[in-house]
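Spelled out, the chains give:
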Amino acid sequence: MIFNLANPLRFQRLIERIEPITLNIAITLLLVGLFFCFFGSPPDYLQGETVRIMYIHVPCAWFSLMIYSIIALCSIFSIVFKHTLADLISRSCAPIGACFTLATLLSGSIWGKPTWGTWWVWDARLTSELVLLVIYLGLILINNAYEDKSKADRYASILAIIGIINLPIIKWSVDWWSTLHQPASISKFSSPSIDPSMLLPLFIMTFSFFFFFISILLVRVRGEIIQRKIEVIRFNRMA
Amino acid sequence: MGKYKVKLDFYKLVKREIRIMLKNFSIIYSFSTFFVIASLIFVFSVNDISYVKIFYKSIVWIVLIFSIMLVSENFLNEDFNDGSLKELQFLGFSEESIMVSKSIAMWVMIMIPMLFLMPLVFVFFQITLYELISLIINLFLATPSLTLISILSSLFSVQLKRNKIIQFVIILPFFVPMIIFTTSTETLFESFNFKENQFLILIGIFFITLPVCLMAGRLIMREINK
Numbered sequence: 001m002i003f004n005l006a007n008p009l010r011f012q013r014l015i016e017r018i019e020p021i022t023l024n025i026a027i028t029l030l031l032v033g034l035f036f037c038f039f040g041s042p043p044d045y046l047q048g049e050t051v052r053i054m055y056i057h058v059p060c061a062w063f064s065l066m067i068y069s070i071i072a073l074c075s076i077f078s079i080v081f082k083h084t085l086a087d088l089i090s091r092s093c094a095p096i097g098a099c100f101t102l103a104t105l106l107s108g109s110i111w112g113k114p115t116w117g118t119w120w121v122w123d124a125r126l127t128s129e130l131v132l133l134v135i136y137l138g139l140i141l142i143n144n145a146y147e148d149k150s151k152a153d154r155y156a157s158i159l160a161i162i163g164i165i166n167l168p169i170i171k172w173s174v175d176w177w178s179t180l181h182q183p184a185s186i187s188k189f190s191s192p193s194i195d196p197s198m199l200l201p202l203f204i205m206t207f208s209f210f211f212f213f214i215s216i217l218l219v220r221v222r223g224e225i226i227q228r229k230i231e232v233i234r235f236n237r238m239a
Numbered sequence: 001m002g003k004y005k006v007k008l009d010f011y012k013l014v015k016r017e018i019r020i021m022l023k024n025f026s027i028i029y030s031f032s033t034f035f036v037i038a039s040l041i042f043v044f045s046v047n048d049i050s051y052v053k054i055f056y057k058s059i060v061w062i063v064l065i066f067s068i069m070l071v072s073e074n075f076l077n078e079d080f081n082d083g084s085l086k087e088l089q090f091l092g093f094s095e096e097s098i099m100v101s102k103s104i105a106m107w108v109m110i111m112i113p114m115l116f117l118m119p120l121v122f123v124f125f126q127i128t129l130y131e132l133i134s135l136i137i138n139l140f141l142a143t144p145s146l147t148l149i150s151i152l153s154s155l156f157s158v159q160l161k162r163n164k165i166i167q168f169v170i171i172l173p174f175f176v177p178m179i180i181f182t183t184s185t186e187t188l189f190e191s192f193n194f195k196e197n198q199f200l201i202l203i204g205i206f207f208i209t210l211p212v213c214l215m216a217g218r219l220i221m222r223e224i225n226k
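If you read the protein sequences in the order shown, they are chains A and B. Residue numbers 1 to 239, in our numbering, belong to the letters of the first sequence in order. Residue numbers 1 to 226, in our numbering, belong to the letters of the second sequence in order.
Nothing false has been slipped in among the hints.
With a cut-off of at most 25 Å between alpha-carbon atoms, the simulated SDA-like pairs for lysine to any residue come out as follows: (1) 12/B - 214/B; (2) 226/B - 73/A; (3) 151/A - 223/B; (4) 171/A - 180/B; (5) 53/B - 66/B.
If you are wondering where the hints come from, they were derived from the structure by calculation, not from laboratory data.
Based on the provided sequences and hints, a complete structural model is requested.
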């Protein structure tokens, strides 16, 4: 099934069917989520209204890591199986991941000013997230630096695999070092330390961001497939 | 016998790299000159010498990283352009041995001038003898990782004809842990406790950097020669 869909042309046809659905789900969930964020959830007893930044900041942070994990998996797949679709997905993911990481840093900074009293601290979590942004920028640069796209994809894959080192550092930085950033409030091994009234909008926003990411990714992958088709046609005409 | 041959070949490879490096004396010269001038710029840019004394480690490391990045390009570009990189692989040398030999040569190239430049650092930054010895130990422990990462970064950009700045952008994030731990090592003689100092972390970083760089270097070299 997966290898059947791994054909770029079949995948393009699938994208054309799925993309409008995912975008509609994303918009609907976003509207519902925003309603819950502003009206359906209470302000925090300590942080007041500023806690609502969490509904943007936390999903963005999760997706910045998740997208890098997707890039890393696609890179391994690309190096092992040399499959074009894996390259296309990782190439398309990099700018989206960079945007999510930037959004994480900006929203965190806006949240940090009223809560910590500063826009930025050289905290282990913040620094490692900034390093992630620079790695994303490096991946985008590599993808655009080489004229031969297959070579660029291969180099980007290697860089992405090296960059995996940063993921556990980001995840566990709050546990390994004493940081100003709070430890994880939602853990798979224990019950969350957030009230259910705040947890619901957080999950709605997370799903909304997920479908938004999928729809943007599909648009970008389709664009990449079309661009490569154009390149092949141009090459054939020149030959 | 086979093992002995492999060892001998690797020894020959390292010898070749060091010979080439010594022949291109201009690389060592430009490295040393850049290091001295960049350090001086830092000293001149700060009016109060007490600040320089506080931040001497950071200054030395920043200048060192940039000087290594500038010279690392020469180590691979010439071999790539004259085809000897391909030839070495064709002769049966593994990608790992090529990379390690280049790193050793580069490490020698850095450490020899650095040992001569250390008295200058001592004078420029007005540090104590203990701080100087601590800095030298620091250099010995951290530069192997630094050279491996630099060689890797130049491998990334060896096929690029323009936009060489990419070399800096893609690899600088991987220097961040190095910078953090090298600059936070305490003066060895202040505590006399090797364990509680961060020197062991530098050795640990090397053992992480070595396999990662060798694996990545192997993949890139294969891609280069396609």
